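Visitor: Chain residues, written in single-letter form:
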Amino acid sequence: MKGKLILVIVVLMGLFSSSSFAQLKINGAGATFPYVIYSKWFDVYHQKTGIEFNYQSIGSGGGVKQTIEGTVDFGASDAPMREAEMKAVMDKQGTEILHIPTVMGAVVVTYNLPTVGKGLKLTPEVLSGIFLGKITKWNDSKITSINPGKNLPNKSIIVTHRSDGSGTTNIFTDYMSKISKEWNSKVGTGKSVKWPVGLGGKGNEGVAGLVKQTKGAIGYVELAYAVQNNLEYALLKNKAGEYVEPSFGSVSAAAAGAIKNMPADLRVSLTNADGKDSYPISGFTWLLVYKKMKDQKKMEALKNFLKWALTDGESYAKDLYYAPLPKEVIKLCEKKVAQITLKK
Amino acid sequence: MPETKQEENNQNKKQQEKQPAASLFGLDKLFQKNPGDLLFENITRFFAFIVLSIVFLMAYEMIKSSMPSIEKFGWNFVFGEEWDPVLDEYGAFPYIFGTIYSSVLALIISLPLSIGVAVFLSELSPRWLEQPLSLLVEMLAAIPSIVYGLFGIFVMIPWLRETVEPFLGEKLGFLPLFQGPPYGFGMLAAALVLSIMILPIITSISRDVMRSIPDSQREAAFALGATKWETIKIVLSGSKSGILGATLLGLGRAVGETMAVTMVIGNRADISFSLFDPGHTMASVLANEFAEASSTIYVSSLIEIALLLFVITIILNSIARLVVWGVTKKYKVAAH
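So the sequence lines, in the order shown, correspond to chains A and B.
Sequential numbering from 9 applies to the first sequence in the working numbering.
Sequential numbering from 85 applies to the second sequence in the working numbering.
Keep in mind that a hint or two might mislead.
Calculated lysine-lysine pairs in the DSBU-like style (CA-CA distance at most 35 Å, straight line) [stated by the list, open to error]: (1) A:Lys210 / B:Lys255; (2) B:Lys255 / A:Lys100; (3) B:Lys413 / A:Lys210; (4) A:Lys223 / B:Lys156; (5) A:Lys210 / A:Lys245; (6) A:Lys202 / B:Lys148.
Here are the computed distance ranges between Cβ atoms for each label pair [stated by the list, open to error]: (7) B:Ile403 / A:Gln236: 45 to 53 Å; (8) A:Lys100 / B:Lys156: 21 to 29 Å; (9) A:Val205 / B:Ile403: 50 to 58 Å; (10) B:Ile154 / A:Lys100: 22 to 30 Å; (11) A:Lys48 / B:Gln215: 47 to 55 Å; (12) A:Gly257 / B:Lys156: 21 to 29 Å; (13) B:Ile154 / A:Lys158: 51 to 59 Å; (14) B:Ile399 / A:Asp320: 53 to 61 Å; (15) B:Leu217 / A:Gly141: 23 to 31 Å; (16) B:Lys156 / A:Asn35: 33 to 41 Å; (17) A:Val205 / B:Pro298: 36 to 44 Å; (18) B:Lys255 / A:Lys48: 53 to 61 Å; (19) B:Leu217 / A:Lys126: 46 to 54 Å; (20) B:Pro119 / A:Lys352: 39 to 47 Å.
Interface residues of chain B toward chain A, partial, derived using beta-carbon atoms under 10 Å [stated by the list, open to error]: (21) Ser149; (22) Asn160; (23) Gly164; (24) Trp167; (25) Val170; (26) Thr247; (27) Tyr267; (28) Gly270; (29) Arg405.
In case anyone wonders, no lab produced these hints; they're calculated from the structure.
Quick caveat: nothing in here was measured; it's all calculated off a predicted structure.
Glycine is no exception: its CB is placed at the ideal position from the N, C-alpha and C atoms.
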């Protein structure tokens, strides 16, 4: 008790000395993937309005946990909350949780084949075959038949994957579960899964390191990471049957393609989306916001921030290697933001 | 020493005679002492108690948090081989195996090296070389483990993959130890990195133990006409249990090492004795999966792994300390 009192006094003194007593501070925690654009947004918005955001990128799992416990004003996650988790928020915080998509990311399949170079084509069947350990050689007829003119070596395919729990793995395995029944029953979807084959690397840099060093390796990393590091990536055949290169445009197209079937709560997986330009392994990242907030000032500040982020804020996305939301989705998000109210 | 103790005892006796009632409750001691001393004693006692309570608190918290997994899986947790976060089924055996296997391999590589260095430092090295060499060995312990990991990825693994593993596979491929494709990443890489990391601790403790053997023993050996090598054998046999203790401490360090191992071991939860195959360890699965673990049973299972690791390291360290204390004490007594 005494300790807390001293802490409070110290904090108050700190606030007085910086002569910004009225300054509002909003705390959030969660996903690491959107950290770069979030910190840019918070920084720009702080300069504009003086409202300070404190965001800790502790991972999606941690963000969901803290949102349930109510230790933060908002959370962030690369995977939508599950029913049980949303119920836990209802029980503990007495409010619904809103999922607000902010930007989009994609997972690209990267490989190390010096004789092939850029533009390897992969179909869902081949990709799942490789990651299930069924296709083991690069010159397997299933691969050569869709890559005419490419010099595919008689080499073993060395599969690599993330060893740490991550939203990237979640999107990738979600896609695999959609395109392959065998994957769905044997492996499933998750931030960490039991991989049928392959080596694990920690983080995007770990997987990229494995792939870069090992001839004949294949792995998956975030689009932003692949672009920044000039990694070679494969073209994937999407639901409409087109081979699509991962790019900001084709990722945004996936969201536009999914808009028809968008559920009301916006908790939707964008993998294997409709549309002939859609890149099939795309996904939203969400802010998790309480529908009823306890503090009026914080509520107003957060609502204004979200409105700003979804309009002006989106323009920062491409420079920071995120795919911006398509206009149709922004409209849906703005409706969600308008639903935030004060808890009576 | 004994004389002064007797005097104290005599004094105590005298005082006890004078104040029989107070001494019953130990109050005489309270009056004897300066209040400042008393305060200081209690403050330091409190600090010592904090250290102890941290250990117990950690153990308590870990046991409490791992209860769901202990109740659900029981011993299957320790011996089960399936680790599937999607189905919420957890068996830690591949991780326990990987931890023990990589650490034991590291010891096998590191032990002869460390003892060789320790013998040189303690028995053979000229004075001018001894200091800088000891310093260098101990500096190895100060390098952050992520640096070892990077060294492993960028220097050692390409060398292992291109040169060492193909050679071993070709010449000794009939042994189960050297089978499978040469990835570079795997048990061998982890064992090599670990062996460099535990070298300083084994070396410096072995050296100290050898030094604690009194010179009179060496002189006696020389006087009996022993050669240098025979004398060293006598020193080594005298410090056997101390070296064993140093080895166990090194093993304790290897068991708990996280970052460097997870960067080079390939992170695959398989049980294979081949040095070329990837593996996984308890510490690396914690580092890898804890941040994003969400379901209660998942978190609880990870904490149970931490608990197992905690218990293993405490046991190893306790044995090691006891053994090292035993040997140094013996010779200190003998020297007096």
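Visitor: Hint numbers the structure violates, sorted upward?
Guide: Going through the list in order, the structure violates hints 2, 3, 4, 9, 12, 15, 17, 20, 21, 22, 23, 26, 29 and respects the others.
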